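Chemist: Chain residues, written in single-letter form:
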Amino acid sequence: MKELFPAKQVIGFVASLVLTAIALLVYFTDMTFTVGMTILLATAFIQAFLQIVVFMHAGESKDGKAIYTNILYAVVIALVTVFGTLLILLWDM
Amino acid sequence: MEFLERFAIPHPSPAIYASMVAIALVSIGILAGLTYFKKWGYLWREWLTTVDHKKIGIMYLVSALLMLFRGGADAIMMRAQLSAPDMKLLDAQHYNEIFTTHGVVMIIFMAMPFIFAFMNLIVPLQIGARDVAFPRLNALSFWLFFAGAMLFNISFVIGGSPDAGWTSYFPLAGNDFSESVGTNYYMLAIQISGIGSLMTGINMCTTILKMRAPGMTLMKMPMFTWSAFIANVIIVFAFPVLTVALLMGTTDRLFATNFFTTDNGGMDMLWANFFWIWGHPEVYILILPAFGLYSEIISTFSKRNLYGYSSMVWSMVLISLLSFLVWTHHFFTMGQGALTNSIFSITTMAIAVPTGVKIFNWLFTMWKGKIRFTVPMLYSVAFIPLFTIGGVTGVMLAMSAADYQYHNTMFLVAHFHNTIIPGVVFAMLAGLTFYWPKFFGFILNEKIGKVTFWLLTVGFVLAFFPMYITGLDGQARRMYTYSEATGFGALNMLSFAGAALMAIGFVTIVYNIYYSFKNSSRDIGSDPWDARSLEWATHTPVPEYNFARTPQISSSETFWDSKKNGHELFKGEIEEIHMPNNSGIPFVMGMIFFVAGFSFIFALWVPAVISLIGIFICMAMRSFEKDHGRHISVKEIIETEEKLGGAK
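First to last, the protein sequences are chains S and P.
Per the UniProt record's numbering, the very first residue in the first sequence carries number 1; after that it's consecutive.
Per the UniProt record's numbering, the very first residue in the second sequence carries number 1; after that it's consecutive.
Just so you know, these hints were derived from the structure itself, not from any lab.
You may find that some hints are simply not true.
Straight line, CA to CA, 25 Å or less: simulated SDA-like cross-link-like pairs of lysine to any residue [said to hold, decoys possible]:
no. : chain 1 : residue 1 : chain 2 : residue 2
1   : S       : Lys-65    : P       : Val-236
2   : P       : Lys-210   : S       : Val-14
3   : S       : Lys-65    : S       : Ala-78
4   : P       : Lys-210   : S       : Leu-90
5   : S       : Lys-65    : P       : Cys-205
6   : S       : Lys-65    : P       : Gly-215
7   : S       : Lys-65    : P       : Val-413
8   : S       : Lys-65    : P       : Leu-318
9   : P       : Lys-210   : S       : Leu-25
10  : S       : Lys-62    : P       : Lys-303
11  : S       : Lys-65    : P       : Trp-314
12  : P       : Lys-210   : S       : Val-53
13  : S       : Lys-62    : P       : Gln-552
14  : P       : Lys-303   : P       : Phe-360
15  : S       : Lys-62    : P       : Lys-563
16  : S       : Lys-62    : P       : Lys-88
17  : P       : Lys-88    : P       : Val-413
18  : S       : Lys-65    : P       : Lys-88
19  : S       : Lys-65    : P       : Leu-218
20  : S       : Lys-65    : P       : Leu-322
21  : S       : Lys-65    : P       : Lys-220
22  : P       : Lys-220   : P       : Ala-490
Since we're looking at a predicted model, the values are computed, not measured.
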């Protein structure tokens, strides 16, 4: 019975609902812009990762390693680009 | 008449009118020739609709050579204008246009198609594949590049060339300071060919990851394939930045948005930032495949396997990562603080380490090797010291404090030509000579080739080394003239002499192709250089299916193993081969993109919208088309194999 129950998917589904609910709090409660954006960004990225891993089956095929390497590489370059740009044009200008 | 006025050249000169007449005459000549010799059908069937990676590679090669001459003509005009103080050959505006188009043509429309030519020609053969992963997408990539290149090249006779530098920095490139449509050409032409490059990137990555012959693990790939793979990974990550930046620039110019303006919340420096986030990885996109070619050539003509294979691979992986961490060094003087500049100084200098590893690996490959000084090897041997000098001056420029002295001087111009010419151009010419027999069935004349080599090398040194000195003395780049009192005259005359030698060198290449076509032996077999990797294991000329039977891979030098160590390369029976069908859609789409680009450049909204709809119709047609390819029968394969010299 244990093998038949899709525990991973159910937990993933519940977790994505919880993440959505947390994100909705930003709209319904009164918080500062900074706190709100932090919550939105954090929940958005966790949500995206959850979807990729649980529902888009990254890592389940034999390309799993390549997919994660690719994602990691993309994330690193995106972060470098964004924070590098912020550093150059705002923080250290 | 009022409608047509927009197409007029804002800054005409007799030379431009002469080019207009020349372009018109050549076009009419080509059309008439095709009709007279009844070659329209041949052209359409064999070239315009082809999805064969080898033919697409040859088309890239021809385009790159043509663009080399276009960019070279710009270069020689610039050097002539600067050859003596207060020259009156070109005026300031004309000079601006020429250095802008020289840069764009050489990087985007010469170097890029040149590396794509070699990737297309060599990679599927080196990994034992029948074609690339998405053959039709590959054809579309080429036709988008072609549309972009043609669009860019008509700018100087219709509407005026871009004149804001190949970097096209805002606010200069904005509507306030660049009123003509020139910069629109820049935005749209590079956009169209850039989309093609991005598609090639995805296509080649998939090909290399998915279509390797049995037994070829990643660490058994030939070095050129590795370099192509890394370069394409960089393309996939870097080109989207350019796409977005160009789109923002286009909307700024055409639809009055304020991304890069100086007021209304725009930020002009953001363009420089985006441009170099793409631009710095771009130089590694160009140099890595060149490194790959040198690796193949040096190990072939030293009769030794490549020294330090895995360190070669890891240094390229490291370069690919570092290439995204250095972009600020292109604008150290833009006003950001010392902290930022220091960070980017250090990352920039760090790139010298993996590059140095590669230099030593090539030297150790030659160490105690049996070196044959053929033309490709001569280029490779000259590359090592010349490129090292370029690299060392790069480290000088990387020191942000010192860069305030070098910035925007001829020292910088000397540096990047010192890396790109021995690095990329020499590699392309070496690769051209090396792979020519594989695809055209005869070897280019070695004697003329050596004359070319010496003309180019001596010409290069004479043309660019004086710029280091004038640059340090304060000669600014992109200045169309200088006074006699500066004392730059003599060295600039020397530069001009060098550029003239290089021009003669390039002409000898054309003569060599003509001479060898007439006189070279056609009886050269499939392996004229006694080479090492898989691309030489098939026949010359390469049959459309590449290999009759799928090769079995033992190492990165499988072919050498099969020649010397008795490795059995081709096992089993010949089976039916599944090949993709030709299609005219990529060509048609390329032409529609051309019309769309042209319409956007001149803000002609009706044709712009119609051609955009046409593009979507083409995509829809592809989606609903049922095309399962075709099969080449066993009988046909055996016939072809026998005709080409017996089934191996």
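Chemist: Would you list, in rising numerical order, the hints stated earlier that this structure does not obey?
Modeler: 2, 4, 7, 9, 10, 15, 16, 18 and 22
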